[in-house]
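Colleague: Put chain B on the given structure of chain A with help from the hints.
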Amino acid sequence: MQLYLPIADLPVNVFLVLAMGAAVGFVSGMFGIGGGFLMTPLLIFIGITPAVAVASVASHIAASSFSGALAYWRRRAIDPALASVLLCGGVTGTALGVWTFTQLRALGQLDLMIALSYVVLLTTVGSLMFSEGLRALLRTRRGAVPPRRTHNWIHGLPLKMRFKRSKIYLSVIPVVIVGIVIGFIGAIMGIGGGFILVPIMIYLLRVPTSTVIGTSMVLTLVTMLFATLLHAATNHLVDAVLALILMVGGVTGAQFGARAGQKIRGEQLRLLLGLLILSVGVRFAIELVIRPEDLFTIRELGVNG
Amino acid sequence: MMRAALAVLLVLLLGSAARAERLIVSVSNHRVTVTPNYSGEELVLFGSVEKDATTPADRKSYDLVVTVMGPRADMVTRRKERTFGIWINTDYRQFLEVPSYLALFANRSFEAITSPEVARRQQIGLNNVRLTQRVSGDYADVVPNDAFRSAFIRLRTERGLYREDPSAVTFLTPTLFRTGIPLPAEVPIGTYQVEIKLFADGAFIGKTETAFEIVKVGFEQFVATTARQNGLIYGLITAAMALMTGWMASIVFRKD
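If you're matching them up, the sequences are chains A and B in order. Residue 54 in numbering that gives the first Met the number 0 is what sits at position 55 of the first sequence, and the numbering runs on without skipping anything. Residue 16 in numbering that gives the first Met the number 0 is what sits at position 17 of the second sequence, and the numbering runs on without skipping anything.
Derived by calculation from the structure, the hints in this document are not laboratory data. Since the model is a prediction, treat every value here as computed from it, not as a measurement. Any given hint might turn out to be false.
To be verified - Coverage of chain A stretches by chain B, computed from C-beta distances (three or more under 8 angstroms per stretch; other residues unrestricted): (1) 7-13; (2) 55-66; (3) 239-246; (4) 250-260.
Where a beta carbon is used, it is the ideal one built from N, C-alpha and C, also for glycine.
If we strip away everything but chain A, and leave its shape as in the complex, we get (with noise of 0.2 angstroms):
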């Protein structure tokens, strides 16, 4: 069933959306993640352009990340304080990507700037996140106890406050940095960033695992919600139909992602998802690298009468 796509001015096949919803849904609720960078990434590939693909995730992202919010809320698994402290961040950050991005656009330049976003984050986290994972999972089969945490440079630094929930006496200030910094590149890359701020918030801030995950999606939640507002209001970029088509498929599969998620190791599970990120960011590169098919562009400044 061919459906035209109002924002993204392009028919497109409502069951393949709806599958890549699937999908992608499918891939977050295993890992845990919001799945923008796969998402994204995928939008383009069928000929959606990076800039829509951009605007029109960051509505799905906060749909997903909405109903994996409500039930860590319920499950007490959310602390509110620390969520506040990141949300400042998060919101400057966001609001800050989305001026970069117009900027980018009227040079001509987001497509290449989306693209190097994605080869130098994905490529790092990806290999870190890959490397780690196979660690883990010598240590394990070798039988040694994983290495004491030890509190780090971070927990010297002034402002400190108590973030009662997550039993941590940490500073606002590197809580507050790492809430701009996902909210940035979650704006510009169209992307929720929940698989880049949950390894920060273990490692970095030493979050207890009890708390991460459902305070990170509160962080993704808002970010995302208020990208899509500023993506609409000022670029007119999101694409509500798609985006919809995008929720359903997504959240459904979220569902069975999670189970099959469970299934699985803690280890072998970042190593895959290590993996992944790794392959989507080499994919990006090899297309920078490689001599484009068309060296020309065409892009319209809007229609006068």
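Modeller: For chain B alone, coordinates are given in the frame of chain A:
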């Protein structure tokens, strides 16, 4: 509809002026509606060449060139170049007020119809249609083999938005003709001008114009208009929709 009616009236008025030949044309549909499951369609333009007393008696065959021009828009063509090992948009040209859809049809090759000189003056063929560019502050069209110009035409042609077909016009009788106007799925909305130019023995002897309109209807057009005119409200609705979907999913799939 009003515009189309005016165009017809104009045709009649022009036609009644003292001319050797009169062109009478009409399109099969003056208002094409694009619905959500629209996947392209073809309009038919038909007409006839009417002779009158002043027509030279020895004039037997005519040639026709039909030009269809969609709503005009500004466009930018960018060129990628290899910089530091990766392909980056470096140079660009701005095309001003160029037709978003452009089709040129004739009953035989443009070269056979008229001389290059007349073809240039009458803008016959994609190479001769005026596409104004802004080149460092100047406004001008450039030579047909300019890299940006030809890339622009090639890309538009690949999307089915620019085309030339020197065999699309068929004469049913020596004076009665028809041609199809293919409109692809991603056709731009707006008013389309159709110019029909008549040639005989290589000379331009007259033209007439008509128009049709492409409108999008239904939910998707409503969405597109809202997104452009009330961006903030549209964003709020989309955000609310995201929350609703997420909330509903958490109810439907609640485990306990």
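Colleague: Run every hint past the structure and note whether it holds.
Modeller: Status of the hints after comparison with the structure:
no., hint, result
1, 7-13, "holds (count 3)"
2, 55-66, "holds (count 8)"
3, 239-246, "holds (count 5)"
4, 250-260, "holds (count 4)"
In the structure shown, no violation is registered for any of the earlier numbered hints.
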